[in-house]
Amino acid sequence: MRFKRRRSLVQIASSLALFGLASSVMIEVAAADDSRPNVVMIIVDDLNDLPLSPDGKPVIKTPNIDRIARRGVTFTNAHCNDPICAPSRASMLFGLYPQTSGLYWFEKWKENGVLNQCVSLNRHLQNHGYSVFGTGKIYHGGQSDGAFDQRGPKPDVGPWPWDGKSNQSHLPHPAMMYLYDTDGDMDYKWEHHFGPLSMIPDWKPDPAAGIPGYKGWRLGGKPFRYNGDDDRDKLSDELCAEWSTEVIARQHDRPFAIFTGLVRTHTPLYAPQKYFDRFPLDSIELPETIEDDLADCATALADRSLYGFRRYDMLVRHQDRQLYKQWLQAYLACVSFVDDQVGKILDAVDASPQRDNTIVVFTSDHGFHIGEKEFLYKQSLWDGATRVPLIIAGVDGMPQGVTCDRPVSWIDLYPTLNELCGLPREPNAASGGYELEGHSLVPLVMSPEDDWDGPDVAITALPGKDHSQHERHGGTWFPHFSVRSKQYRYTLCSSGEEELYDFDADPREWKNLADDPAYAAIKASLKDQLIALRDGPNWKSLDDLHHWTYGAQKGGVASEDGTLTFSGHASSYLATIATYKNFEWEFEAKSPDARQMRISYHGRVRDNRVAGTVANVSPAASNLDGIAVPFDPGQWNRYRIRVVNERCQVWINGRLHSDVVDDSNAGVGVVGLDFPGVREPTLSLHHVRIRTL
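Note that this note's numbering has the sequence shown beginning at 825, numbered continuously upward.
Hints listed in this document are in silico derivations from the structure and should not be mistaken for laboratory results. Be aware that a few hints might be false.
Cut-off 27 Å, straight-line C-alpha distance, at most; resulting in silico cross-link-like pairs (DSSO-like, lysine-lysine) [as the list claims (entries may be wrong)]:
id, residue 1, residue 2
1, Lys1149, Lys1098
2, Lys1039, Lys1098
3, Lys1013, Lys1028
4, Lys1335, Lys934
5, Lys885, Lys1310
6, Lys978, Lys1039
7, Lys989, Lys1028
8, Lys1335, Lys1364
9, Lys932, Lys978
10, Lys1351, Lys1364
11, Lys978, Lys1168
12, Lys1013, Lys1058
13, Lys1364, Lys1310
14, Lys885, Lys932
15, Lys1058, Lys978
16, Lys1149, Lys978
17, Lys1013, Lys1168
18, Lys1013, Lys1039
19, Lys1058, Lys1046
20, Lys934, Lys989
21, Lys989, Lys1039
22, Lys1168, Lys1098
23, Lys1335, Lys1351
24, Lys885, Lys934
Make a model of the complete structure from these sequences and hints.
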């Protein structure tokens, strides 16, 4: 697998972009130059760093993933930008951080007001002359129309048990319902089950509940035939891998890119028996843990009621940890199963006449704890969840079989493929949209020890909302952030709690050094880097009155030491001089009564008030989850207001308070506040800042 880079195409693409020529012209130019590389991108779901053979975890053979590593560069310090499927995949496929898009959780990316204005990686390839194919799980939450020239089999993490009646595909295995004897309120009961396919589910009839019962598996809403491992229907990943091999073997008249999403390491962990046989139970060593590991961790991250801790506790309390070992055997079996599917795809590349002109990228959307930190899930800010396998192979002239330990992240893949495939650097330039926030890895691909223009740390966001809180997916609490350097991890929670780990001395993150004076300078430096990446370059401080227009009677508006103070009359108002369409506004406010203040946006000043769309900032009513907002009269309270197109979200003291889509709201205007119905308002604001989205 080699590829000959053609700088001329990059220059042509850049020139066309500068002059605003249509993408159809670019396609004609690209089609005439058939030396551009093909791309085979394999994305595995929930695969942690086991293929990297980390210390303190079980050893597993992955011969086919190793084949890719022998031909390329393995990034041993690569991290996702959010350890949850939906936001992680969105960050890579659109090249924007979660803190820019606002997608931290399971919201649909198509409905995100930032991402739906941007060009995805696969569409960018398609727009510039590539035939683009996709199969399996690529995005989370749907595909955009026309983003692939052809779609293969859809993803399915089954097969599934069935009760003979339910329309719900995600049913738990009836033979493992004993898990919930002591954990009856455990969420997502289907996620915790595992075993070989030979463990055929037999759902017993329950006439009183109208359940007819059913024996056997189902997949894709249809019966899944299973008469033995050698006589059965194929699983989703097998279908996706085989379809990928067929696409690679075709005669292509232009460069192609294929995205193959394999789901099998996502729970539930079902696989053919032969993969379990590769890992005898008596040979499996459990990940190392220590007593009171969580005692010095940030309480926001180490709350034992969080989903990942509950999953771990549920397993280890059964059968003297034997059930936990069986679960781990199932995870290893599924990794081995996925490795075999990777082998089929690599065999197709090697058999293709395009083998010397095909780039292979292998990675996972995020990690997955398998018991380290007493956690069994993704969605943490420790290495178990943030660290991902990332291998790039097939680039002409690159070193082979080497590693790179610089911290990089998933957001860097989009600009990397832009450079390798001769695409314009900024896919959203024509629309005046967002610039890609990652950095090309090509300098490190070609020389892993050299410098590059990326940051010295990789940043990961984590929503301040647990996976078990699944009733509402719209919006999130204030997120936490963590940065990983070559040697350290620094984490800053929304509450201000901190963690700091030295991986040279403590690779398992057992000793939090955040309060150790000897590490104060290191912590301060990492905190500065985290804040810079978290906040980006677009925040503007509004702590001074020269950014505002204002009016007041029988009182005034004053500014002193970064604090804006109102005192006086109901006609007082404050409005930005600048106008905004999509923005994020943060401030702290102190008032004896929160109902004194009204926030408006997309407005204009009229009759001593700000007339515009009104944001719901009054904590007098309960928030979206029916919980009263913890407003503290007379003390500083934190507000965050995010407006993207017709959607306005308001957080008060870290809780999502309102989430409103107003179809009548569109346009640009000032942001401001006033005091309708309040005779003598008294209000102070500080830490006021705004950024354009």
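Evaluated hints:
Under the criterion of a C-alpha separation no larger than 27 Å, the hint pairing Lys1149 with Lys1098 is consistent with the structure, at around 17 Å. Between Lys1039 and Lys1098 the CA atoms are separated by roughly 22 Å; this keeps the pair inside 27 Å, and the hint holds. Restraint check for Lys1013 and Lys1028: satisfied, since their Cα atoms lie roughly 18 Å apart, inside the 27 Å limit. Note on Lys1335 and Lys934: the hinted pairing is violated, with a Cα-Cα distance of about 41 Å set against a maximum of 27 Å.
With a C-alpha separation of about 26 Å, the suggested pairing of Lys885 with Lys1310 holds against the 27 Å cut-off. Our distance criterion of 27 Å between C-alpha atoms is met by Lys978 and Lys1039, whose separation comes to about 25 Å. In summary, the hint linking Lys989 to Lys1028 is supported, as the alpha carbons are separated by about 12 Å, within the 27 Å threshold. For the suggested pair Lys1335 and Lys1364, the alpha carbons sit about 37 Å apart, so the restraint of at most 27 Å is broken.
Restraint check: the Cα-Cα separation between Lys932 and Lys978 comes to about 18 Å, which is no more than 27 Å; the hinted pair holds. Restraint check: the Cα-Cα separation between Lys1351 and Lys1364 comes to about 20 Å, which is no more than 27 Å; the hinted pair holds. For the suggested pair Lys978 and Lys1168, the alpha carbons sit about 18 Å apart, so the restraint of at most 27 Å is met. With a C-alpha separation of about 24 Å, the suggested pairing of Lys1013 with Lys1058 holds against the 27 Å cut-off.
Restraint check for Lys1364 and Lys1310: not satisfied, since their Cα atoms lie roughly 31 Å apart, outside the 27 Å limit. In summary, the hint linking Lys885 to Lys932 is not supported, as the alpha carbons are separated by about 36 Å, beyond the 27 Å threshold. Distance check on the hinted pair: Lys1058 and Lys978 sit about 13 Å apart at the alpha-carbon level, within 27 Å; holds. At most 27 Å may separate the alpha-carbon atoms for a hinted pair to count; Lys1149 and Lys978 exceed this at roughly 31 Å.
Of the supplied pair hints, the one linking Lys1013 and Lys1168 is violated, its CA atoms being roughly 33 Å apart against a limit of 27 Å. A C-alpha spacing of about 19 Å is found between Lys1013 and Lys1039, which places the hinted pair at or below 27 Å, so the restraint holds. The suggested pairing of Lys1058 with Lys1046 holds, with an alpha-carbon distance near 13 Å, which does not exceed 27 Å. The straight-line distance between the Cα atoms of Lys934 and Lys989 is roughly 32 Å, outside the 27 Å bound, and the hint therefore fails.
The suggested pairing of Lys989 with Lys1039 holds, with an alpha-carbon distance near 12 Å, which does not exceed 27 Å. The straight-line distance between the Cα atoms of Lys1168 and Lys1098 is roughly 17 Å, inside the 27 Å bound, and the hint therefore holds. Among the hinted pairs, Lys1335 with Lys1351 is consistent with the structure: their alpha-carbon atoms are about 18 Å apart, no more than 27 Å. A threshold of 27 Å between alpha carbons decides the hint, and for Lys885 with Lys934 the separation of about 38 Å lies outside it, so the pair is violated.
The earlier numbered hints that this structure contradicts are 4, 8, 13, 14, 16, 17, 20 and 24.
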